[in-house]
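Novice: These protein sequence lines are chains A and B, in that order.
Mapping of the first sequence onto numbering that gives the first Met the number 0: residues 0 to 208, in sequence order.
Mapping of the second sequence onto numbering that gives the first Met the number 0: residues 0 to 428, in sequence order.
Just so you know, the hints here were simulated from the structure itself, not pulled from any lab data.
Positions of the beta carbon are idealized from the N, C-alpha and C atoms, including for glycine.
Incorrect hints may appear among the rest.
Listed next, the stretches of chain A that the computed footprint assigns to chain B, with coverage defined by at least 3 CB atoms under 8 Å from CB atoms of chain B [said to hold, decoys possible]:
| hint | region |
| --- | --- |
| 1 | 29-43 |
| 2 | 64-77 |
| 3 | 116-129 |
| 4 | 139-151 |
| 5 | 180-194 |
No farther apart than 27 Å at their CA atoms in a straight line, the calculated lysine-lysine pairs in the BS3-like style are these [claimed, not checked]:
| hint | chain 1 | residue 1 | chain 2 | residue 2 |
| --- | --- | --- | --- | --- |
| 6 | A | LYS179 | B | LYS278 |
| 7 | A | LYS179 | B | LYS327 |
| 8 | A | LYS73 | B | LYS352 |
| 9 | A | LYS25 | B | LYS190 |
The primary structure of each chain is shown beneath.
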Amino acid sequence: MSSPIATWSAEGQERAQQLLALYPDKRSAVMPLLYVASLEHGHVTNEGMQQVAELIGVTATQVRSVATFYTMYKHEPVGRYLVSVCTSISCHLLGGDEVLDAACGAAGVEVGGTSEDDLVTVERVECIGACGGAPAVQVNYELIEGVTDIKAIDLIDWLRNTTPEVVLADELQQLFGGQKSFDWGVPEPDGAIAPVPAFGPYGSAEEGR
Amino acid sequence: MTDPILTARMEANRTDSNTIDRYLETGGYEVLKNALASMTPEQIAEEVKASNMRGRGGAGFPMGVKWGFLADSDPKYLVINGDESEPGTFKDRQLLERDPHQLIEGIVLASYALGVNRAFIYIRGEYPKPARRVQRAIDEAYEKGFLGDDILRSGFSLEVSVHLGGGAYICGEETALLNSLEGRRGEPRLKPPFPAVEGLYARPTIVNNVESISNVPWIVANGGTSYAAIGPERSAGTRMFSLSGHVNKPGNYEIVMGMTWRDLIYDVAGGIRDDRALKTWIPGGASAPWLVPEHLDAPLTIDDATTLGTMLGSGAVVVMDETTDVVKAAHSIVRFFAHESCGQCTPCREGTKWLQDILERILRGEGREKDIDLLLDVSDNISPGLTWPPAMTTICPLGPSATAPILSITRYFLDEVKAYIPVSEVAGV
Ligand SMILES: Cc1cc2nc3c(=O)[nH]c(=O)nc-3n(C[C@H](O)[C@H](O)[C@H](O)COP(=O)(O)O)c2cc1C
Ligand code: SF4
Ligand code: FES
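Modelling step: build the complete structure from the supplied sequences, incorporating the hints.
Specialist: Right under this line is the structure:
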């Protein structure tokens, strides 16, 4: 029988094997595997859930029940850049709702919508742990702190015009951020290559790669 | 003033406190070397018990006592809770990003004390950068022989890995976190059994917060009694507070408990922006009932907070000035809980949605006077008697938490809620 993930990229297959070996029980790999499947298919698809199910030896229904529980697994296509705006209490107090409106306006979408060029999706999220640098925004889960409504418009325009290969938090912070929760220390070399959290050897990339 | 414990290295080394070179140069992993060479696991557990450190994840349970409950049957696990999602809280992110080796050294010491050979660090999905930093530090620690087989030729072995969450606040609750780590929906389990007896893969498991475990190297190096001597007796040690909202200097501050709220808000956090007046503040994350200026001189301790009908919770202090619309602020918090309810318990699933809907109706100017009673009735249904600490009819405390903002605005700012109700809707008019 051929591997359920024979159609995945070599990197994706290798990462899947690592993940299956990482845990005392294969089932624990379901969440990281769903991220890999999202990278392979663009979002969480029926085919992706089926493949993950076969890899760990559970039913596709069981995988779906996990995949629908968590907000970061996207079951519909999203833009190349997922812009997540926090409106939880600390951000709300300092203008998060205005940042969300501005970002939606610049992208020409309602909350949760994707721009016509398929580049930008704007979503509302709850606290992303950057409350000291409110209002906070993430692009493909890379953080920008101290964003204003005007900077949010600049950010959306910049993403659509420059279409960066790798989204780097330090670069975005420099261009569109302000007050931070704390000193970030050394610039972070890795960034995101897709609207999936950039973690692990597959899914993140160093600048310039 | 006591020297900082958790943030000393990152304050002194602003750029590279996260690297192994800097960690080693500033005395890192020395405690581990000494402990593995000359201390028994029991001795380490004794020091942690003597420290009186109470868990920093929210519940405030003494760490050494919890460790004592771990059932003695192999394999057992240590799981670090880095899910940090309580609105207002961003302290663990700083500890993960800026000093990951301090956490890892704490994990090795704790695992040795507990007889654990496999540990997991659960980091929320929205924290890919902290997760990368921790993974890099884990890789470095393996390379130097601080993790893996036969650590520093002590015969003790430990494997550690990072597990990234998927975006769900409820996974911060320890049993939901264990379900999530097992590859299931992040739904809290009924307790008992407690994780110390039946946790990950139904094996004995200790779950501790990132900040809790980051204190372990200092406690083992300096002795539990030195730690216990810092600050008030039942709130020993230093603690990270996340200050946000309308303060001049938002940020994380490592302080000794026992100072007053006035000290914290006006000295440490630089007072209210634009010299405005303080209106109210949330003392311990979105789940905590709010305090008002008459409480400014109360001391910041776990027990004093309980006396005032609230809690220090996750250490998140959200400050609101006189310009704040408290009804909108309460709505933001209630919406959060409605969004994050896992849906297992009807009072929580339905009640949080109701609270959100009623507040939205009031904010649209379509409220009726009886909506205020309705808010309290629904709250009472989620948390019977509206007592403190809340009575629980739900599997976990998330449901009752959603009532905190409702109780706060109806207790202190009833006029402002009423001001949203159109005159024609007020009884008797
Ligand atoms: C709804 C809910 C959310 C929680 N979120 C967190 C969290 O993000 N991080 C955390 O360490 N503890 C959180 N806790 C507390 C944990 O259940 C648990 O008490 C804690 O991780 C134990 O660690 P400690 O004893 O070191 O504090 C949460 C609890 C509840 C009920
Ligand atoms: S109280 Fe709410 S979040 Fe907690 S278990 Fe019940 S439904 Fe889930
Ligand atoms: S409230 Fe927005 S990042 Fe915490």
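Novice: None of the hints should be skipped; say for each whether it holds.
Specialist: Going down the list of hints, with the structure as the test:
With a threshold of 8 Å between beta carbons, the proposed coverage of the region 29-43 of chain A by chain B holds, since 5 of its residues qualify and at least three are required. Coverage of the region 64-77 of chain A by chain B holds [criterion: at least 3 residues with CB-CB distance below 8 Å; count 7]. For the region 116-129 of chain A, the stated coverage by chain B is satisfied: 6 residues place a CB nearer than 8 Å to a CB of that chain, which reaches the threshold of 3. Chain B is given as covering the region 139-151 of chain A, and this holds because 3 residues of the stretch bring a CB closer than 8 Å to a CB of that chain, at least three being needed.
Remark: the region 180-194 of chain A is confirmed as covered by chain B, as 9 of its residues place a Cβ nearer than 8 Å to a Cβ of that chain, reaching the required three. A distance of roughly 24 Å separates the Cα atoms of LYS179(A) and LYS278(B); the hinted pair therefore holds under the 27 Å criterion. For the suggested pair LYS179(A) and LYS327(B), the alpha carbons sit about 25 Å apart, so the restraint of at most 27 Å is met. For the given pair, LYS73(A) sits about 23 Å from LYS352(B) by alpha-carbon distance, which is consistent with the 27 Å threshold.
Between LYS25(A) and LYS190(B) the alpha-carbon distance is near 25 Å, which keeps this suggested pair within the 27 Å criterion.
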